[in-house]
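Using the sequences and the accompanying hints, generate a full structural model.
Chain by chain, the residues:
There are 4 protein chains.
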Amino acid sequence: MTVRIGVIGTGMIGQDHIRRLTHVITGTRVTAVFDIDTARAEEVADTVGARALATGREVIDAPDVDAVVVTSWGPTHAEHVLGAIAAGKPVFCEKPLATEAEDCLEIIEAETAHGSRLVQVGFMRRYDAGYREMKKVIESGAIGVPLMVHCAHRNATVPASYTSAMAAQDTAVHEIDVLRWLLDDEIRSVQVVTPRRTGKRHAHLQDPQIMLFETAEGVRIDLEVFVNCQYGYDIQCETVGEDGLVRLPDPAAVSVRTAGRASTGILQDWQGRFENAFDTEFREWAESVANGAEPTGPSAWDGYAATVITGALVQALESGGIVRVDALEKRPAFYGGDTR
Amino acid sequence: MTVRIGVIGTGMIGQDHIRRLTHVITGTRVTAVFDIDTARAEEVADTVGARALATGREVIDAPDVDAVVVTSWGPTHAEHVLGAIAAGKPVFCEKPLATEAEDCLEIIEAETAHGSRLVQVGFMRRYDAGYREMKKVIESGAIGVPLMVHCAHRNATVPASYTSAMAAQDTAVHEIDVLRWLLDDEIRSVQVVTPRRTGKRHAHLQDPQIMLFETAEGVRIDLEVFVNCQYGYDIQCETVGEDGLVRLPDPAAVSVRTAGRASTGILQDWQGRFENAFDTEFREWAESVANGAEPTGPSAWDGYAATVITGALVQALESGGIVRVDALEKRPAFYGGDTR
Amino acid sequence: MTVRIGVIGTGMIGQDHIRRLTHVITGTRVTAVFDIDTARAEEVADTVGARALATGREVIDAPDVDAVVVTSWGPTHAEHVLGAIAAGKPVFCEKPLATEAEDCLEIIEAETAHGSRLVQVGFMRRYDAGYREMKKVIESGAIGVPLMVHCAHRNATVPASYTSAMAAQDTAVHEIDVLRWLLDDEIRSVQVVTPRRTGKRHAHLQDPQIMLFETAEGVRIDLEVFVNCQYGYDIQCETVGEDGLVRLPDPAAVSVRTAGRASTGILQDWQGRFENAFDTEFREWAESVANGAEPTGPSAWDGYAATVITGALVQALESGGIVRVDALEKRPAFYGGDTR
Amino acid sequence: MTVRIGVIGTGMIGQDHIRRLTHVITGTRVTAVFDIDTARAEEVADTVGARALATGREVIDAPDVDAVVVTSWGPTHAEHVLGAIAAGKPVFCEKPLATEAEDCLEIIEAETAHGSRLVQVGFMRRYDAGYREMKKVIESGAIGVPLMVHCAHRNATVPASYTSAMAAQDTAVHEIDVLRWLLDDEIRSVQVVTPRRTGKRHAHLQDPQIMLFETAEGVRIDLEVFVNCQYGYDIQCETVGEDGLVRLPDPAAVSVRTAGRASTGILQDWQGRFENAFDTEFREWAESVANGAEPTGPSAWDGYAATVITGALVQALESGGIVRVDALEKRPAFYGGDTR
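Order-wise, the sequence lines are chains A, B, C and D.
For the record, in the first sequence the residue sitting at position 263 is 984 according to the numbering used here, with numbers rising by one throughout.
For the record, in the second sequence the residue sitting at position 205 is 926 according to the numbering used here, with numbers rising by one throughout.
For the record, in the third sequence the residue sitting at position 189 is 910 according to the numbering used here, with numbers rising by one throughout.
For the record, in the fourth sequence the residue sitting at position 110 is 831 according to the numbering used here, with numbers rising by one throughout.
Warning: the hint list may mix true and false statements.
Pairs involving identical chains hold if they fit within one copy or between any two copies, as the list cannot separate such chains.
Stated by the list, open to error - Pairs of lysine to aspartate or glutamate, DMTMM-like flavour, derived with a Cα cap of 25 Å: (1) K921 / D964; (2) K857 / E938; (3) K810 / E821; (4) K921 / E907; (5) K921 / E860; (6) K921 / D906; (7) K1051 / E821; (8) K857 / D971; (9) K857 / E996; (10) K856 / D964; (11) K921 / D905; (12) K921 / E938; (13) K1051 / E830; (14) K856 / E996; (15) K856 / D971.
Just so you know, these hints were derived from the structure itself, not from any lab.
Rendered as structure tokens:
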């Protein structure tokens, strides 16, 4: 049985997911789309034999739509997710779940009232083979109780439109989700340390930033976010426990020896780095929809946590101090089975 | 448009390809199957909504079969491939194309008479990301003209039914194909060197073996085949050129530091190692069928070459001497565009 | 011409240096020693044909002593170093130069009054091949202006006598010196973050600790000190600059593939890790003495800086806040040529 | 007590050993030298306070010479080694022990008649930390009984004077010695395979060459000798046993990430690669001399074996066939304790 999917938002990421749902994932078909740019919506719809509808609501309510993918502009996410919950349809929402914590809470309330999980948030790192293997090692007890995590998130460059706050909201948000999941723990406070800025940046931007986190269990995380590192797209993660450590691998690549150096290539963009993770993410999500099961990926609570924590980071960057994250202390029982 | 596929042979590898064509590759569907074990054929057919037919011929001729996959017992391959050519249908044949060189030649003649390529042989390594990257490096000229290749093909263990000749026929055959393709060159002679046998083998088996190849261009290849190496499934390949070398990567895996050692896991079987290569292989083949294009993968000539060269290896193992491979000197123009 | 050396302090480290000066370094000879444990002093003296004298002062003043090595108990260092300066003799003092900043300043004043450098402090990392290569890379401009450094200093275990303050005084002190030298920069503030404690420690000990430094140029350094990491002695250092990064190598070690894992050994103690660095340190120091030249290694100012910064770390560990290091802002011209 | 050494041959390697014996190794002093270039001998002697004598014989017989180092032109080695044996003095002879097997046998007879070992041959790889660690792993049984060894010996370039035979005599000779020692086994046959020649060579030279060895125990060794590989000096060795494998490490070097590549430097010459091995070699030899003990390094028999095997390689290169090495089957009891 084919899962029929409606996609709200046909920008770059929307188009990529439509391609994925059409050509990579078996058992899924995009039947309806919406975008505020009507012409673009129709163009995209045509390439896959879908209809372009007049509103997100029409996509959600269409009888030939079994599940919804939300990839529109961030501030509109909440509206569409709430619409899907109201319609009782599974919804995959790209990060952020909502740009405001209050909207996330409204989604949580609506989903809780619905009585079963409908929402999955698009944090794809949980589907990356390396992170999954790291989680297995941690859960096996091989490195003992986790005490520290050292991370780096580096991009070669970012456009001028990238702001200092986006280091938290758009970049660190991926580590925030994957670390909460890796450690099965919650973040309790954040701090942002600001190194000398790279001269190879746009003038307004604090780059790099070092973000420090403390979890409920006392694990300390340091995360270097450096989005103009020049040399490539490079994701590093090392978890140190009582008995040892586990480190995320670099992507496999041929090694070359020429002219006095042994070298391997470094990826230049995230698409190559997380392509397989995106595929697995949608494959597993589509399976849960096809089986009428609750999604097993990042929940609305995880989406709320990410928004709260990135908000605290932005505040910490401005204040220079430590910002506590109290809002996440009481996780509702409804979401308890997912990560804790 | 969905490509409808008939599968001849529903053993382990046949079932895996049926799973792949049904659940992994988009745009393909298995509609008919045949196996000499009728019960098994029906059982497998049921799982994917296909029909089990009475003969391979019926599968080939079925009107709802656009293309054929042959995964039956090796000695029956030729019959089914010839049948598909006669029916003018694209056929994907697992290695070997045929167990006898004469049968390969008959297929070549039939395909040549047909006038366009219909046959693709199942050598999946050409679709492995590492080998593809290695080929790009070689073709870029970065390491200069290739002079030598050092390879190893190691399995943790093999069953008692594995014979010394199978080291060539079942194991080295993959390196033979991928090296001819990597180097865009032809093998001209072979030799087999026999090290002290591992004590951890079945008594009849010469294991390990070191196979030596010389190509038309004078490249020298050494290939260690060691199928009871105990520690894991391990594929190594290093191409040395006039200016440098390029080495196949080990699969990416988390590294762990515990108890005085830094370590990474080694795969235990080929499924994990070449899973993505199999998927890409079928995805690209299915696309060529869907587009009505000739396949771009290993040709009948490549299948013939593999059978001739593995035959020479078996002869060299018995004789202890160097065996020339003369049959491949004149590649027909029909196959000229493929690898040379 | 042989350099005749007097050694004050014949404990474990003193004995190791005596062995080094006798059997490893050419051109040096130990002629006189002192230790408050007279019996030990005599025993050690006998093994190398030296005399055991009654006081450190006698060692310093002995006519057959060209230069002095101080490896006694930390709190006695200042007295002996001042004595050597008064005698106008070169003195190599194991870290710390003095346990109190005031004593370091007194040494600085005495040396400045003397008019040329006589003091070298025993920070051996500057002589490690890996750190030296890293410094060359940084100075070459290959990674651009340094922005961040990520470090880890891990010991398998420490004895019960090890205190939380020693994480700064005995352990981090090595990174402090080598980072000031690597970056040719000064530390301006410190902070200590306290992760969940390992259960595999003595009850009184905060282990691990994460130390954060900011330099005058705005470089941010994070240093994990984890002295009961169980798995081995492991020193990591990565400097990130505007254009790239450079990482200290792990010590070379054979790699082994057995039982499903590819692994290399990790050292268990610092002796193996820095043996060559110690040898080079003494070889270069002995050469400077033989040539009547000023020493080129860590100066009294570097020793003072280390004492001030480790003091600030201990204060930061207690307070939980950021501690500024103002004392190092004005480096005397006399020491200006050494690191800035 | 200082060991007083006479050095015969003050060319480049002789000068390097004189520097080592004077400035690096403690407890040794060069007192007399000889070279057929009298002016050079005197100049070198002056730098270390030694005398330049008129003949090698005079050096050997000088009363202030306790032990002799022979680093003269290869064809003269035998004469000086025999002279030292006649004088009953320990002699360290750079490889080859003698260029002719007969001369090696004469040395063996003389030393056997003397009744205790006096001769050590200069194969420094046995003193390299990596090879030593590899030998420990093999002897520990961790990889099981050795079955195969894969080696590569690559130089960036060689001068025009380098001949095809020197690939065996000057280059492979190091692997021959270290492999006999690593495996505690003897070579029984050799074969040389000739790949396409690199275009970046002098016209007369067969480069690269692949040398194949079979040992008495049936171990098969393949050794790539490629002396114009352009990219650097690169020594590789991998021993494969019944249960696993062990691989020589690359020299430790900082890794750098810049401009899309992660890379480490490759050494350009053997001096850097084996500097520490040379030092250890002489340190251990000097200790044996100082202690009046027999040397524990490569023996006259090992020197004979190297000459016999390199001779067989040259013959195999010319003939293209397999050349048996029968001369080494009966190792005299006198040499039995050393490697078997």
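Structure-based check of all given hints:
Taking the closest pair of Cα atoms, K921 and D964 come within 25 Å of each other only across two copies (9 Å); inside a single copy the shortest separation is 40 Å, beyond that limit. Taking the closest pair of Cα atoms, K857 and E938 come within 25 Å of each other only inside a single copy of the chain (19 Å); across copies the shortest separation is 41 Å, beyond that limit. Taking identical chains as interchangeable, the C-alpha atoms of K810 and E821 lie at most 25 Å apart only when both belong to the same chain, with a minimum of 23 Å there against 58 Å between chains. Proximity of K921 to E907 under the C-alpha cut-off of 25 Å is restricted to the inter-copy arrangement: shortest distance 24 Å between copies versus 35 Å within a copy.
With identical chains, the CA atoms of K921 and E860 are at most 25 Å apart between copies only, with a shortest distance of 19 Å across copies and 41 Å within one. With identical chains, the CA atoms of K921 and D906 are at most 25 Å apart between copies only, with a shortest distance of 21 Å across copies and 36 Å within one. In this homomeric assembly, K1051 and E821 come within 25 Å of each other (Cα to Cα) only inside a single copy, at 19 Å, whereas the closest approach across copies is 48 Å. For the identical chains of this complex, K857 and D971 are neighbours both inside a copy (18 Å) and across copies (20 Å), given an alpha-carbon limit of 25 Å.
Taking the shortest alpha-carbon separations for K857 and E996, both the intra-copy value of 21 Å and the inter-copy value of 21 Å come in at or below 25 Å. In this homomeric assembly, K856 and D964 come within 25 Å of each other (Cα to Cα) only inside a single copy, at 15 Å, whereas the closest approach across copies is 29 Å. In this homomeric assembly, K921 and D905 come within 25 Å of each other (Cα to Cα) only across copies, at 22 Å, whereas the closest approach inside a single copy is 37 Å. When the C-alpha separation of K921 and E938 is checked against a cutoff of 25 Å, the pair qualifies only between copies, where the shortest distance is 16 Å, while the shortest distance within a copy is 38 Å.
Proximity of K1051 to E830 under the C-alpha cut-off of 25 Å is restricted to the intra-copy arrangement: shortest distance 14 Å within a copy versus 60 Å between copies. In this assembly of identical chains, K856 and E996 lie within 25 Å of each other by CA distance both inside one copy and across copies; the values are 20 Å within and 22 Å between. Taking the shortest alpha-carbon separations for K856 and D971, both the intra-copy value of 16 Å and the inter-copy value of 21 Å come in at or below 25 Å.
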